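Number of protein chains: 2
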Amino acid sequence: MTMHETMAKTMDECVTMIKQIQHEARFNGNTDRPFWPMIVLRSPKGWTGPVEHKGKKIENFWRSHQVPITIDAKNPQESLDAIEAWLKSYNHEELFDANGKLSAELQAMMPTGDKRMSANPVTNGGYDQFRTLDLPDYREYAVKNVISGVTKHENTYPLGEFMRDIMKRNMQSFRVFGPDENTSNKLHAVYEVSEKCFWGDILPIDSDGTHLSRNGRVMEMLSEHTLEGWLEAYTLTGRHGLLSTYESFAHVIDSMVNQHCKWLDMMNREKWRRKVPSLNLLMTSTVWRQDHNGFTHQDPGFVDLVVNKKSSVTRIYFPADANTLLSMADHCFRSQNYVNVIVCDKQSHPQFVPIEKATQYCAEGVSIWDWASCEGEPDVVLAGCGDIVTFEVLAAVDILRRYTPELKVRLVNVIDLFRLSSEDTHGHGLTDDEFIRIFTADKPVVFNYHGYPYLIKRMIADRSNNLNFSVHGYVEKGSINTPLELAIQNGVDRFTLAIDALTQVATSKTQYINVINKLKQRRLVCQDYAYAHGVDLAEEANWKWPH
Amino acid sequence: MTMHETMAKTMDECVTMIKQIQHEARFNGNTDRPFWPMIVLRSPKGWTGPVEHKGKKIENFWRSHQVPITIDAKNPQESLDAIEAWLKSYNHEELFDANGKLSAELQAMMPTGDKRMSANPVTNGGYDQFRTLDLPDYREYAVKNVISGVTKHENTYPLGEFMRDIMKRNMQSFRVFGPDENTSNKLHAVYEVSEKCFWGDILPIDSDGTHLSRNGRVMEMLSEHTLEGWLEAYTLTGRHGLLSTYESFAHVIDSMVNQHCKWLDMMNREKWRRKVPSLNLLMTSTVWRQDHNGFTHQDPGFVDLVVNKKSSVTRIYFPADANTLLSMADHCFRSQNYVNVIVCDKQSHPQFVPIEKATQYCAEGVSIWDWASCEGEPDVVLAGCGDIVTFEVLAAVDILRRYTPELKVRLVNVIDLFRLSSEDTHGHGLTDDEFIRIFTADKPVVFNYHGYPYLIKRMIADRSNNLNFSVHGYVEKGSINTPLELAIQNGVDRFTLAIDALTQVATSKTQYINVINKLKQRRLVCQDYAYAHGVDLAEEANWKWPH
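Protein chains in written order, with this note's numbering: chain A, -2 to 544; chain B, -2 to 544.
There's no promise every hint is true.
Same chains, same label: a pair holds when it works inside one copy or across any pair of copies.
Here are the simulated DSS-like cross-link-like pairs (lysine-lysine), alpha carbons at most 30 Å apart as the crow flies [as the list claims (entries may be wrong)]:
#, residue 1, residue 2
1, Lys268, Lys474
2, Lys112, Lys98
3, Lys193, Lys54
Source of the hints: derived by calculation from the structure; they are not laboratory data. Here the structure is a predicted model, which means the values were calculated and not measured.
From just these sequences and the hints, can you work out the full model?
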């Protein structure tokens, strides 16, 4: 790209300069793509404003950023005269007719149709050929032959294959963005159809697995800011994308996502605005798997920010495994005018359901997992929201089944966070009746949440049974821990959950005391082992749902 | 400053180069301050790691950021040999003795005392002469002769005078930081003792009120990131400061403050770490006064982020007026190892109490304002947390006194947000008994909060009387509104609060229906007037506490 720093002093000079730039560009090796000149106008600050007042410089100085002329209430005339002179300097009589209407000559200069800035397809979701993605059937990428709580798989890998084929079918309107390598996020299948976009010099050595190309459509740069800005702008043209990032560092774009939510909310109120594809954000290197990164990389609070924005533009999903992630992603790619936040870890995790059931669970948003629950009314509900914490819930249910088979236990999984909100707070909120049908009116609910537990407390604050909920989650305790050690420190592990459930259903202080003591001992053994060996006790790490 | 790009190949060359730089600096007009050379070492990525493996380049290539050599489980020998060769390349036999101890020669090279990186006073709060601020008596800067709810004053101006004199007494260890002009934040008294720091060319015209100087100690730059980084680093040296910013744009530094909280938490666990002055953040252009900026500038959610961090390092204060702000600031300047967030608007607002009472209120954190409350047990509690929203509470109490004098009303003000937390969640949390003494066990509480109302709900979730609370706050409704119009849209205005109180205490649907209807009408009149005239009805805008 060439930068012309020459100062064009007239419109004719400007046109000549653009023609020259276009001419050069044509011989610059970039003939394969349209060339858009950018004109930078540099003007003095406060240009055409008052030059000075009462001996104080204003134009082209900091005062032009303030109230340029303040009227002295006691002696207003000098200031009023200055304001009058300033406003008259615009020669309003040349601009407006006797009735105060814009003159016909200027009116004729105004652009019409798509040439109006607001209606330019580049900024108003306007390229019709791009608006609808040609989506393959997400079910074709599903993890097959899932044995619930046994089969293991990387949660994000099938999504990468799904996105590879979306990209293949929509080469001009779909991009994948990320501050990390997509390989590290297990989304590397996308490289099969497109390289990473790189405009620097590509060296011979870069052919060795670096996946670089000027025409690459995978956007990688260690700058969450830049990527979020790119994706926002890309959706404005009617195109689609997904940005995957470390959960903890999504806070880098807090302010930008905030403003995009506000912008979506405002644009929903304007009839002339066309809808744009949603801003899809995948948090995929999550708080519970930072074994080698530690405390700095543990922060699940990005969603705490998003829940404060207007409910009409915010959606937050916690798929429990690879298949629910596929179904949720498909849903998000079809949506418009939302900020969709999906939280799902990239590593290899136990899978829970085949794709048909996954689709059902995603549609329900909150589901009773019948295959892991008692029939009828339970004595206690164990609930999970988030992939890894739900797996701990499943293991806790197994513990309860083994040690206290007489206890009726229900397992609930929450994928759509806003289902917990009351109906009048968010469009996705369950009715009070549905909420009670799932969580019961009066039974204890041990709720294992992926993030900061207080978020759940605030979401269910208006539910009549909110005091029955005991919420577990991340409470800022962590370091370079093994998975189970980290879970135990924060109280989201299988043992703590089972102990909590037993403590709450016990009708006397001694009822389950033996089981509880055994579980406490086991928890301690697991902690000691992890501390001593740097890995989890194989028996617990490899635990599988045995039922 | 001079940059030497020459490559020093030996240690001797390095020393020569530093001496040369120091010599030049001495003749560079900067003889008044000590000169610290900075050495930048540029090395290949993965330097000294494996150069390549199985024909794949590693050193100085992207693979050195990964696991450099993966061991093939089926055919491990080639990889194991490569790893052995790599590790042996460090000549461990020259570094360690036969017992595996570091050789005496290398041991002798290790720095001791303050020369150790961790113990360097520059990074370990270590300059004793700076650690304690010489603070003037904050009470001397108080707004005098306060008539509660009548006297008006800029909340932040006295703080500016207080900081001016702190700076005067502690010229080497106190700085004020801000992305906005301190004049705009009404903290401009600081310019009386120090200019803004500016290292660019200072032109003759800049003598005209620009307050620029190379030696300036007021740090202004429209980059919240840079300022937060500066202040963090400054506190590490044992020095002190305050960063004031637009509340809405504090989200720009979400991620940085997050990490500082985590760092403080970690350092609290290390005995060798010296305490450092707190990171003091003042949010002073707040959500409720964005008359000319609108929706984009309305976001009180920064505190929602901070509450998720460890309670041992976080403090959040909502002073109600200028005098409580002074007292809180004095407290924060004396504190160590905290992130102190103070939320207080810069504009002219009604004042509530003289400085002695302000000091008492700050110490209590939550106070019953006896001068605005009934005696004994109330029928309803109206509470405010935040300056502007508490003023609306006061106006609502006045409405109730006038229309329903038989009703016993209590006014509670919360300055220390964490007082609402349960005792075991935060060290500042009220006991349940205290909480009930203030908010009653069973009376309705109409709570007017400065920020997103859900935050209060989550903080009181475990209180037995939490369902009695009706929380009002900012719910993302706003534009370029007048103050009262914005308050009404979000339901934090005097009328809505009074209506809510009456609705909740009514024993039948008709009991207060006439008053409620009058208030609804008045609210509508105020909204219409604001919409039509762009300013609030004078009678409401100038309302004063008449009791």
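Hints, verified against the model:
{"no.": "1", "hint": "Lys268 <-> Lys474", "verdict": "between (48 Å within a copy, 19 Å between copies)"}
{"no.": "2", "hint": "Lys112 <-> Lys98", "verdict": "within (22 Å within a copy, 75 Å between copies)"}
{"no.": "3", "hint": "Lys193 <-> Lys54", "verdict": "between (51 Å within a copy, 19 Å between copies)"}
Against the hints set out earlier in the document, no violation occurs for any number.
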